[in-house]
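Peer 1: In order, the protein sequences belong to chains A and B.
Residue numbers for the first sequence follow my numbering, beginning at 1 and rising by one.
Residue numbers for the second sequence follow my numbering, beginning at 1 and rising by one.
Simulated from the structure, these hints should not be mistaken for laboratory data.
Keep in mind that a hint or two might mislead.
What the hints assert, rightly or not - Straight-line alpha carbon distances no greater than 20 Å define the calculated SDA-like cross-link-like pairs of lysine to any residue that follow: (1) B:K11 to A:R220; (2) B:K100 to A:S219; (3) A:K207 to B:K53; (4) B:K106 to A:I120; (5) B:K100 to A:I120; (6) B:K103 to A:K207.
What the hints assert, rightly or not - Some, not all, of what chain B presents toward chain A, calculated at C-beta under 7 Å: (7) Y52; (8) V69; (9) H88; (10) V104; (11) A108.
To be verified - Listed next, with one range per pair, are the computed distances between beta-carbon atoms: (12) A:T138 to B:T9: 25 to 35 Å; (13) B:S37 to A:F162: 35 to 45 Å; (14) A:L26 to B:S37: 35 to 45 Å; (15) B:D218 to A:H119: 55 to 65 Å; (16) A:H119 to B:D124: 50 to 60 Å.
We treat Cβ as the ideally placed atom computed from N, Cα and C, and that holds for glycine.
Each chain is listed here by its residues.
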Amino acid sequence: MSEPNSKAKSSAALVQSRRNALRSYLGAYGFMAPAGVLVIIFFLIPVAIVLYLSVTNLASSNFTSDLARMEFIGLKNYETLLNDQFARKIFFNTIFYVLVTLSIFNVSLALVVSLLTTHIDRSAGFVFRALWILPRITSPVVYILIWKRMMAEAPFGILNQFNELLGQPTYNYVSTNPWVFVVVVNGFIGVSFGMIIFTSAIESIPKDLLNASLVDGSSRMQRIRFVILPLIRWPLLFVVTYQTLSLLTSFEEILLLTDGGPGLYRTEVWSLTAFHRALSNYFGNAQWGYGSAFAVLLVLIGVVLAVIYMRVFRFDELIAEPRVEAL
Amino acid sequence: MEIRIDNLTKKFGDVVGVEDLTLHIDDGEFVAFLGPSGCGKTTTLLTLAGIYKPTEGFIRFGDRVINTVQPKDRNIGMVFQSYALYPHMTIFQNIAYPLKLKKVPKNAQNEQVRQVANVMGIGDLLDRRPGQLSGGQQQRVALGRALVKEPDVLLFDEPLSNLDARLRLTMRGEIKHLQKNLGITSIYVTHDQVEAMTMADRIAVMNRGHLQAFDAPDELYDRPKTRFVAGFVGNPPMNFVDVEVSRSNGRFIAETDSIRLALGAERGSAPAGHDGAVVMGIRPEDIQIDADGDVRGEIFVVEPLGREDLIDVRIGSHSFILLADTERQHQAGERVSLKFDMSQAQFFDPRTERSLLWKQ
């Protein structure tokens with residue numbers, strides 16, 4: 001047998017196997033392509049654009065059809081932002097809003113709701129939780145309109161109509177206690193996320209384990225404290241992390257409810273400022289570049305928080321091995 | 001602690017878990033609840049534990065009715081099939097958990113946990129977590145946790161089912177030994193009749209939510225009161241065949257189309273008085289392959305068990321399982337004669353499935 005022949009054969013085989021490898025690569029990338037394209041178009045490119053805009057002076061006041069006149073101004077927007085007399089107030093507003101909503105509603109109330117609904121009749125618990133999903137699946141505009149209608153001033157507000165019927169004084173609820181409303185309205189939506197995660201975590205605790213703790217002598221409260229809570233530690237940390245980031249960027253409900261008011265920036269939060277500055281400033285004076293700087297800072301804060309959470313809560317362990325062994 | 005269950009019924013909606021169960025357990029007794037899955041034995045156990053509330057009837061610990069008493073106020077220890085150890089606690093914390101809830105001082109906790117752990121042979125594992133232990137070790141921890149609070153009643157829910165066969169054998173002995181030493185009234189749920197037979201003072205056989213029999217193991221084996229008990233207790237299980245029992249010339253004959261067996265008056269008179277066919281039961285060890293045997297059949301299959309062979313013999317349309325000496329080296333297809341020890345035969349009413357020999 002001739003040597004070249006077998007060589008030719010083997011090189012043919014090599015080409016064939018390369019072709020197969022290429023084909024399987026193409027298959028893999030092909031399947032990832034739709035998601036990849038979406039991420040690139042709707043996430044990566046906008047992020048890049050915002051980053052770029054934040055170092056320009058682009059605004060409706062100097063906007064012409066000649067985009068070349070847009071000036072690169074370096075970190076000037078950021079400088080302005082740090083010297084902005086309201087930036088500090090808005091920053092602490094944001095921290096207040098995130099901390100209070102997160103701790104009272106998105107985590108604590110979510111935990112209470114899931115513990116309650118897993119300790120009552122199963123179908124009743126299910127119905128209750130299903131009802132609590134409604135605010136999340138309702139369009140924010142409709143949801144806020146319902147709240148506004150309920151809380152509106154006399155004689156329009158439903159609550160105030162009851163007050164009048166009962167001979168009580170009427171209140172302008174939203175403007176006297178705007179933060180209460182901002183937190184409650186957002187919290188109501190926020191509860192459902194934690195509720196779903198916690199409920200499924202509680203229900204996946206083996207029945208034997210729950211029975212064992214009762215037989216061992218714990219009351220239902222002690223069982224929650226010593227057995228259930230430690231066993232849902234990971235879902236708890238996940239909800240804290242995820243909801244912090246989600247609250248940081250949420251603004252549509254506040255926009256619709258108080259629009260940052262009443263008065264000067266009373267309930268204005270960082271993401272709402274970014275929106276106001278860039279897209280909804282007074283007299284149509286949209287400062288796209290300046291607004292972008294707000295948005296970029298928010299992204300930075302989010303990234304820093306995410307990294308801290310991942311370190312503190314050891315996310316690598318969370319996604320490693322299951323905590324509860326099968327047997 | 002004496003336990004008295006009277007007319008206990010537990011329903012889940014329309015589904016009956018257990019119905020009209022009456023059972024009195026003596027102080028210090030070891031009772032097994034035996035039955036196939038879904039027979040109501042675990043439901044009964046969880047009702048005793050206080051996890052379920054009885055729909056009807058009464059449960060008494062001593063003189064106290066405990067129907068609505070919370071589990072924590074019953075002073076019971078329980079061992080689960082899945083061990084049910086708390087995965088986030090160390091072994092020490094697991095065993096100490098009942099003491100912590102009882103607000104036992106730290107020093108006493110420490111002492112009691114170490115003492116129990118040493119008895120269970122897990123004294124060197126106290127700093128580990130349940131996930132780092134083998135199944136057998138975990139089961140010892142679970143037992144330790146049940147014992148540490150010195151319970152009045154011990155409940156076992158198929159505790160050995162997840163262990164391998166060898167370990168099951170040793171744990172079986174240990175649990176029995178421990179129970180006799182401590183004298184704690186114990187209830188042991190199992191579907192394994194060998195476990196029930198070897199460990200229990202008395203066995204409550206259950207089927208479909210009803211108590212079938214409550215007797216000592218020997219009694220259940222020798223004088224089964226229902227066909228279900230006869231078939232469930234004993235391994236390999238009893239052979240059943242429909243026969244007509246008749247009396248002629250002072251002798252009793254049990255016969256089918258292909259078998260004709262003579263039997264004595266003490267076993268034959270009751271079924272002979274029964275109108276129509278009856279179910280005859282005969283245990284594998286009461287059938288011998290014997291050249292003088294009066295029934296001829298053909299070996300269908302031979303299953304070597306080591307110590308003996310399990311042989312399936314076909315006679316006409318009937319099939320009998322029996323045990324034979326391995327040295328005889330029987331082969332499938334071989335023609336053999338069988339000798340039935342009819343003094344051990346059982347007879348049941350085919351309709352009610354009750355024994356015709358032993359009254360309930």
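Peer 1: Work down the list of hints and note, for each, if the structure agrees.
Peer 2: A quick look at each hint next to the structure:
Taking the CA atoms of K11 (chain B) and R220 (chain A), the gap is near 23 Å; set against the 20 Å cutoff, the hint is violated. With a C-alpha separation of about 13 Å, the suggested pairing of K100 (chain B) with S219 (chain A) holds against the 20 Å cut-off. For a cut-off of 20 Å, the pair hint linking K207 (chain A) to K53 (chain B) stands: about 17 Å separates their Cα positions. About 35 Å separates the Cα atoms of K106 (chain B) and I120 (chain A), which puts this hinted pair outside 20 Å; it is violated.
Proximity of K100 (chain B) to I120 (chain A) is assessed by CA-CA distance (about 27 Å); at most 20 Å being required, the pair is judged violated. A distance of roughly 25 Å separates the Cα atoms of K103 (chain B) and K207 (chain A); the hinted pair therefore is violated under the 20 Å criterion. Here the hint on Y52 (chain B) is broken, as its CB sits about 10 Å from the closest CB of chain A, past 7 Å. Hint on V69 (chain B) is violated. Least Cβ distance to chain A is approximately 12 Å, over the 7 Å limit.
Interface restraint check: H88 (chain B) against chain A, minimum CB-CB distance 4 Å, threshold 7 Å, status holds. Using the Cβ-Cβ criterion of 7 Å, the hint placing V104 (chain B) at the interface with chain A is not satisfied: the shortest such distance is roughly 11 Å. For A108 (chain B), the shortest C-beta to C-beta distance to chain A is roughly 15 Å, which exceeds 7 Å, and the interface hint is violated. Between T138 (chain A) and T9 (chain B) the CB atoms are about 46 Å apart, so this pair departs from the stated range of 25 to 35 Å.
S37 (chain B) and F162 (chain A) have their C-beta atoms about 57 Å apart, which leaves the hinted 35 to 45 Å range violated. Range check, L26 (chain A) to S37 (chain B): about 52 Å between beta-carbon atoms, so the 35 to 45 Å window is missed. Between D218 (chain B) and H119 (chain A) the beta carbon distance is about 47 Å. The supplied range of 55 to 65 Å is therefore violated. The hinted window of 50 to 60 Å between H119 (chain A) and D124 (chain B) is violated, with their beta carbons roughly 39 Å apart.
When held up to the earlier numbered hints, the structure conflicts with 1, 4, 5, 6, 7, 8, 10, 11, 12, 13, 14, 15, 16 and fits the remainder.
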